[in-house]
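S.K.: Residues per chain, in single letters:
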Amino acid sequence: MANSVRMRAKATGNVVEVKALVQHPMDTGQAKDKNGNLIPEYFIQTVEAKVNGTTMLNAQWSVAVSKNPYLAFQYTGQKGDKVELTCVDNKGETFTGKTSVR
Amino acid sequence: MNRRSFLHNVFRTGTLASLAVAGLALPKQLLAAWNQKAFKSKQYTDAISELYGSSSMEESDNIILKAPDIAENGAVVPVTVESELPNIESISILVEANPSPLAAEFNFGAGMRGYASTRLKMGKTSNVHAVVKADGKLYQATKEVKVTIGGCGG
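Each protein sequence line maps, in turn, to chains A and B.
Under numbering that gives the first Met the number 0, residues 0 to 101 are what the first sequence spells out, in order.
Under numbering that gives the first Met the number 0, residues 0 to 153 are what the second sequence spells out, in order.
Keep in mind the hints are simulated off the structure, nothing from the lab.
Be aware that one or more of the hints could be misleading.
Within a straight-line C-alpha distance of at most 27 Å, the following computed DSSO-like cross-link-like pairs (lysine-lysine) qualify [what the hints assert, rightly or not]:
#1 A:Lys49 with B:Lys136
#2 B:Lys136 with A:Lys66
#3 B:Lys39 with A:Lys90
#4 B:Lys41 with A:Lys90
#5 B:Lys136 with B:Lys39
#6 B:Lys41 with A:Lys18
#7 A:Lys31 with B:Lys65
#8 B:Lys123 with A:Lys31
#9 B:Lys142 with A:Lys18
With these hints in hand, go ahead and build the complete structure from the sequences.
M.R.: The structure is reproduced here in structure tokens:
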């Protein structure tokens, strides 16, 4: 699952904007496949962002977040900060990404 | 401990151990963080109560909720929440007409700016609510998004 999170972080002055794209189907549990069977819920439940090892953001998501989720947030920081993102879905799979602030 | 519960525990630990081996064991604090009750609430005010312990909110001009007036594709509706309110602890986004209105909650640590952006699914035309918890109080902004094609069908 190494490449499932794509991230970019850019500093403008002391404001850092982090953008992330996660590859995940985010199945709602309400859609049906072509045989009419319900596709079970399969979605990212929690997202944690750490900056230089300190938790900055803790998010909880529902099935209503779109497929291949996009997330952006801003914090007060600087170039060179190490940003790490960890997503955990309802099957317990973990998706991680990291980047340095440019 | 009686025999029954002893066996039960052995079985349970055994199962957990094999799950761990299969790589399915979850970091406990992350698992506990997902608020099942709030996310399964059918009314958006109930979801807010489950999440924050109260649903009394003030309308605030200091929350900018950016979302399209008309979303052609309900499966991907970009939503951005921005606020200059001091001491923001959390931002939530709720889609009133979705089967489970609470879509996402963002808990902020120190140093975060009042900004969160994501993309959501919307089943049909609905009010979208941005709820911001700042200084222990709840504020909200609301915007109606018209959906041409729903995002929850197969």
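S.K.: Now look at each hint and say whether the structure bears it out.
M.R.: Hint by hint, here is what the structure shows:
1. In summary, the hint linking A:Lys49 to B:Lys136 is supported, as the alpha carbons are separated by about 26 Å, within the 27 Å threshold.
2. Our distance criterion of 27 Å between C-alpha atoms is broken by B:Lys136 and A:Lys66, whose separation comes to about 32 Å.
3. Distance restraint check for B:Lys39 and A:Lys90: the Cα-Cα separation of roughly 18 Å lies within the 27 Å cut-off, and the hinted pair is therefore satisfied.
4. At roughly 23 Å between alpha-carbon atoms, B:Lys41 and A:Lys90 fall within 27 Å of each other, so this suggested pair holds.
5. Annotation: proposed proximity of B:Lys136 to B:Lys39 holds, straight-line Cα distance about 23 Å (limit 27 Å).
6. Proximity of B:Lys41 to A:Lys18 is assessed by CA-CA distance (about 30 Å); at most 27 Å being required, the pair is judged violated.
7. For the given pair, A:Lys31 sits about 31 Å from B:Lys65 by alpha-carbon distance, which is inconsistent with the 27 Å threshold.
8. For the hint pairing B:Lys123 with A:Lys31, the CA-to-CA distance comes to about 18 Å; that is within 27 Å, so the pair holds.
9. Distance restraint check for B:Lys142 and A:Lys18: the Cα-Cα separation of roughly 24 Å lies within the 27 Å cut-off, and the hinted pair is therefore satisfied.
Taken one by one, the earlier hints fail for this structure at numbers 2, 6, 7, listed in ascending order.
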